[in-house]
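Number of protein chains: 2
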Amino acid sequence: MTLVSPSDTGLFYFPDFVREGEFVSATGADEMNHLTKVMRKKSGDKIYITDGKGTLIFGVITQLSRKELTLSVLSAEQQNNRFERFTVLLPILKNPDRFEFAFEKSVELGFTRFKAVKFQHSVKFAVNLDRLNLKAIAAMKQSLRSHLPRIEYSDSLNSALTQGGIPLYFNQNAPSDLSEDFRDSGASYLLVIGPEGGFSSFEIEILKTGVSYRLSRGRLRAETAVITAASLLANKIDFQ
Amino acid sequence: MTLVSPSDTGLFYFPDFVREGEFVSATGADEMNHLTKVMRKKSGDKIYITDGKGTLIFGVITQLSRKELTLSVLSAEQQNNRFERFTVLLPILKNPDRFEFAFEKSVELGFTRFKAVKFQHSVKFAVNLDRLNLKAIAAMKQSLRSHLPRIEYSDSLNSALTQGGIPLYFNQNAPSDLSEDFRDSGASYLLVIGPEGGFSSFEIEILKTGVSYRLSRGRLRAETAVITAASLLANKIDFQ
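Chains as they are written, first to last, in our numbering: chain A, 8 to 247; chain B, 8 to 247.
Isolated chain A, as found in the complex (with noise of 0.2 Å):
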């Protein structure tokens, strides 16, 4: 699919859009409120519309009213979700701006799948859900994606770790840096960042399965290592 200068047109968010033949027809308040009165849209404009479950449709707007879209299809795709395997464990961190930066620079980066935990050595152990995942659809929306992003809060990275999934956790002692082959592998995995005071060491303990790995020469900021580490990996699954 082309992107026919994306910054003009903006991708927006139907969850329960309904589709017949050549057409697509979708109502909901906030999202209809917002072509219509934050991005002042209206018919002969093309859009991209996303269901959040990996459908992309781009059209032009043939009705419009306030409370529901008709767009007429130009073209249609349906995505595979390359981060479907990767979920990032986020550490509540002190400062939530910078917790918020670090969560939705990972969704543009392109994961879907977050834990905020509270681990042993947090000084802050809550998060606003709802207003992180309204962040999360911002970010999917601003980066053109269409796999909707989902957070959940886990009380212990004990927790966290019992779905399943190989641990890959940022150290700065590792010996080497993130050369995992992901590729060939069908494995699913977990990227591991600590908070502002570090694993404990049980904590450490229970990763010991895991792939440590180094992202930095110097001292990264939590939220640094988040972002940073999320760049590395999401280059790793996007181009590798």
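Treat the hints as calculated values from the structure; they're not laboratory data. Computed from a predicted structure; not experimentally measured. Misleading hints may appear alongside valid ones.
One copy or two, it doesn't matter: identical chains are merged, so the pair holds either way.
Dumping the calculated SDA-like pairs for lysine to any residue here, alpha-carbon to alpha-carbon at most 25 Å [what the hints assert, rightly or not]: (1) Lys101 <-> Arg138; (2) Lys243 <-> Asp188; (3) Lys131 <-> Glu187; (4) Lys53 <-> Glu29; (5) Lys131 <-> Val67; (6) Lys131 <-> Met46.
Assemble the complex: chain A is given as a structure, and chain B must be docked to it using the hints.
Relative to the frame of chain A, chain B by itself:
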């Protein structure tokens, strides 16, 4: 040099410290205030200091007044600047918080040379260089680095390129990801990221002598592109 619990010790920046044998003395109103009033260090505490020119000293405080610090040297190291050949051209962004965040993260990752560039499609032209250089010192200290980062202003891409060096520029439609090998090349490089509105056709023309690459299959916000490009390049500089 072994990092003895760096989160408890901290790094302080004294550009004019004087070393005589096993002792170092240092003065500087702001940093002395930070050391004594904010971090509440006292005689017997162990700290790092740097001159911002590659010297990193670890020592124990033997004398401390409001104006002067004396340190007994435990270990000293002269570090090469692995990032000296690389200049990051940062697009001036609409949102100063996002610009600062991208800059701060790039410093933490190790870059020391920056230009804040007004591109033809930039919608904002001004940056506060004094404020940014203070941010840079904080990020240098935070990441335990010993080379002072500096940021300058360029009023166009053209003038930023006059310093010489091979442009590495991010382009969503480039055929490959960043695969340049920097090990044996003695060349200088300019990491170039476009502003929110993208490069102008004139800018793309003058970048054509350089190397273009993709960062992601998705669309990244400008500040995400900066941090992702810096993460990928820093990882090569650190470990290639």
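How the hints compare with the structure:
no. : hint              : verdict
1   : Lys101 <-> Arg138 : both (17 Å within a copy, 24 Å between copies)
2   : Lys243 <-> Asp188 : both (8 Å within a copy, 17 Å between copies)
3   : Lys131 <-> Glu187 : neither (32 Å within a copy, 41 Å between copies)
4   : Lys53 <-> Glu29   : within (15 Å within a copy, 71 Å between copies)
5   : Lys131 <-> Val67  : neither (47 Å within a copy, 32 Å between copies)
6   : Lys131 <-> Met46  : between (37 Å within a copy, 21 Å between copies)
Violated hints for the displayed structure, listed by number in ascending order: 3 and 5.
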